[in-house]
Each structure stands twice: as C-alpha cells, then as structure tokens.
Amino acid sequence: MANRTSLNRQRAARNLARTLSGDIDSQTARSVNPLTRDDALYRDEFLAAAELLADLEVLADDPDLQKIMDEPDVLKTDGRSGLWKLLSIAASVVVTVAVVFSLNWPVDNAEGVDTSRYVTRVGEQKTVNLKDGSTITLNTATQLVVSETQSERRVIFERGEAFFEVHPDQNRPFIVDAGYRTITVLGTSFNVHKNPDLLNIAVSEGEIAVHSSEESASGVAPMLSEMNGGGQASRDQFRMSAGWVMDLAVNDGQLTGYFVEDSASLAKWRSGLVEFAGEPLHKVVKELNRYSWKKILIEDPQIIDRKIFAVFKVGRMDQALKGLENTLQVKVTHYHDRIVLTGQ
Amino acid sequence: MTLTNRNIVDLNHLRQKEKQGAVLERLYREHGAALRSFLLSRVSNEAEIEDIAQEVFIRLARMDDLQERLPSGCERNRAYIFQIANNILIDLSRRKAVRREYRDHHGARESEKQFDQAPEIILADREELMAVKKAILTMKPEWRRAFMLNRFKGWSHKAISQEMGVSVKQVEHYIANAIVRLRKVSLRVGGNPPGERR
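Just so you know, the sequences run in chain order A and B. Residue 1201 is where the first sequence starts when you use this note's numbering, and the numbers rise one by one after that. Residue 349 is where the second sequence starts when you use this note's numbering, and the numbers rise one by one after that.
As a list, the in silico DSS-like pairs of lysine-lysine whose alpha-carbon atoms are at most 30 angstroms apart:
#: 1; chain 1: A; residue 1: Lys1267; chain 2: B; residue 2: Lys517
#: 2; chain 1: B; residue 1: Lys501; chain 2: A; residue 2: Lys1267
#: 3; chain 1: B; residue 1: Lys482; chain 2: A; residue 2: Lys1267
#: 4; chain 1: A; residue 1: Lys1326; chain 2: B; residue 2: Lys367
#: 5; chain 1: B; residue 1: Lys488; chain 2: A; residue 2: Lys1267
#: 6; chain 1: A; residue 1: Lys1267; chain 2: B; residue 2: Lys506
#: 7; chain 1: A; residue 1: Lys1513; chain 2: A; residue 2: Lys1486
#: 8; chain 1: A; residue 1: Lys1507; chain 2: A; residue 2: Lys1483
#: 9; chain 1: A; residue 1: Lys1326; chain 2: A; residue 2: Lys1513
#: 10; chain 1: A; residue 1: Lys1326; chain 2: A; residue 2: Lys1495
#: 11; chain 1: B; residue 1: Lys367; chain 2: A; residue 2: Lys1331
Bear in mind the hints are in silico, worked out from the structure with no lab data behind them.
This is chain A alone, in the form it adopts within the complex (with noise of 0.2 angstroms):
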C-alpha cells in the first residue's frame, strides 16, 4: 500500500500544484479534478494536500521566511540544519475578526447616477427598499444592480431570482434588464427568475412589457394572451398582464406562455415556502438544490419520476428529506459533499 499512496501523493501535488498556477484551461481543472472520479486515494491525498496548504497562509507573514524570501542566498552559505538553528521559532496565528458589511455596495458610475448592487447568498431571501418606493424581494443566490436617474430606474439583472413591486412613476420607466429580455413596467408586482437555462416572468399586479436587451418598448406590442401557437411564440416583443407567466428557454430559444388562476401565489417563495404539486423528483431536487449548498443527487434512475406534492420550508433541508424519506419510499444517504437519492 506504501507505494500506492506515495504514488497518490506524488500525482495529487503535482495536480493540485496545477490548479494552483493561477492560469488553469478548463480541460485540464476537469481531468485532475479529485471529486469526479472513483479513485479514493487520489482524491483522499488531493483534499488533504489542499488543505495543508490553506493551514500555511499563515506562514506567509513569518518573519524568518520573509527574510530568506528576500535574501534567497543565505541560504547556500549557512548549511541547512545550521539555519534552521538559527532562526527563532515563533510562529504567530493571526486572528483576524471579519466586520460584517451589509451586502448593499454603491458601484462605481458616472455622475448623476446612483447605483447600488444587491446580493443573496445560497439560502438567503431579504428585501430591499428603493429610494422610489419600489420594493425588490430577494430570492436565494441573487445578484442585482439597480441605478436611479433622472429618467429612468433601471435593474440588472445577473442571476437568481427577485420580486418586484414598482410604485407608480409615468415620467420614469423601470426597466428590468435580464440579459435574454428585458422588462419595462409603469407600476405593477412581477416576479423574474434567471438561471443560465431558463428566463422565467410572472406578473401578479398591473402589465409589463417584455422585449429584447436591444430595443426599448413600443406601447402597440401585442399581449401574450394574444399570441397564437398554443400558448407558444417566439415574439421580441409583447405585453404580460396580472396572471400571466412567460418561459424562455434559453437554449432554443423557444418561449411559452401560460395564464395562472390564481395570481397572488405567484412567488410563493417569498413567504419562505417552496410549493410542489406533482412536480417529478428530478425537478423538484433541482429546485430545492437553489436553497442549499449541499447538493442533492439522484442516483437511481427508477426513482426521477416519481411525483412529489409538498410544501417545504425554505432552510429546512432536513426536514425536505426526511419527508421524502416517509412519503415517497426514497433512501438519502449523506456523504461529505453531497447527497445522494436511492429507491428503496
């Protein structure tokens, strides 16, 4: 065994040396990554090498270090072991205590502009107050930019998912700028969500106009309700009013609407809950995975289908699982990094 771990350990360093150049191509990070593939010891000397090296960060403000770091050829003059004699052993912990800074920071931008981003982590939800009286519900993992004019209010939106209520402004327009569209509304309550697959809209009060980044909205736009094709379009440019959700596919771009009964429910997710009703599992993992750093990964292929109807508990990942324990038969297995989904 001795020679296959020094083997493991010889082949993890010089991996995770790699990684550690600092110009990486993705190929190469993919092809010595230790978590994608089944070769524990590699992967065991792999996090272990990593996490050694986050223990020396605080070498590097060691003194005696410093000095040699500078001065490379005391070295070769005093002999190792002399050297090592020599030098004081004093290494110092530094602690240092981490300000909290809210998450709300001004953004660099030319005068007149006021700009601010806001952001969520993993698993947060907050809600932000606009100098306007508009108010934006974060969701988890979001990420915005909102700056206010003379003429406008407008919103970047990068990533995540976010509700919005405008108070009335006829001279400014709020514009949501979500990169595959764009939204202008005059006051009304929607609710955008944005992942690298899907651009997903849904109006609770009022209308919106939804078109694309390029051009700004024309007032004679037909509504969605309009559009033919089954609910299907792939128009640049329509109205949404209360009710009325818009998918985008980003890949094909192909575009699909659909009217909801009951408006109000839309962005369930801002009383804290996540609602499924008949959702397949698959589905549902990867909604509840949004919330959670720990992913959870479907590894029976018997299972993905199966249909789940429940409310879960935004933060209550524990008690998600546990109930898909009971109700649907499922087996979870919690392993360090992940976790894992069986049939019984």
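Given the structure of chain A, go ahead and fit chain B onto it with the hints provided.
Just chain B, lined up with the frame of chain A:
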C-alpha cells in the same frame, strides 16, 4: 443644512463603500474567469461553481481594508482569491472540529456560522506549523524558492519560471515535490480524512 460631525462620518463611510465597490468590480473583471476555471478542478458538481464564486465575492466585500489587502496590479491578488475559494471548499466538505470549536467559543451569530471565515482565521496546530516550517527551511533550495514564490508571494508559474530561468513544467515539479515533502512531515496521515487530527 449645517455639517454636523455625524454628517461628516456618514460621508466618509459612503466614500469608503464606493471605493470598495470599485475594487470589487475590478477584482471580478480581472480574476472572475480564472476563479471559475480553478473551481472546475475542485467541485463535485459544476452547478456549485456560481454559488461558490458568489460566496467568494461576498467574503471579499466584507473585508474592512480590501483596497490595502488587494491593491491594483498586485501579483498576490489571484492567489488570495483562490485561497478564499479553497477555504470555502474545505468548509463545505469537511466540518473542521477546531474551527467549529473556535466559532462556538467566540459566539458567532447563527446566520454566520457557516460563512464568517476570512483566510486569516486559521487555527493550525502549532506543532504541525513548526514541523512544516522546518521542512521548508531544510528542503532543496529550488523547491523552496518555487514553493514560497507561489504560495507566499502569489506568483504564477510563468513568473516563477522566468525568475528562476527554468521551464514552467520544471516549476510545477519543484512545487509538487515541496508539497509532497510537507505532506510527509505534516501530522495528517494519508488515508485518514483531512480535518481529523491524529
């Protein structure tokens, strides 16, 4: 409106925050892509990458002296950012008993229990630190130079290769050998999960 003391303090605070914002934007521009590539080599599920990158910048935002710690054009910035990411990865995968003890003892707030670690809050075993420091001082000079330039000064392999007059591959070998040497003297035993001491 007269400028009371309170107003002056608020203005300074705001100016500080504006500077902070500019620094963060710069760091994001300069190191965002490299950070994501680094994370590709360390996450079990690529969906986690955005969340971790997000957390890195949140931690940076919370630092008092960001401008001083990561000044513009400084070599060490990328390594520092990678180190924060590394700490997050380690926190996520292993709950270190030592760190938890420190947090509980010093009464960290409930909401911050997971995420309040700046890279300096490391309670490495003193004995282990001394053993490692000795190993650094007594290893082959080439290994030591490459290792320290990379880990303590944050130099890229390319910069080190130019400084030492050898190929990048050679630099990688030096650093890898240094790591192996340090692993041998560290008190972790291969095969035991990291984070479990002795």
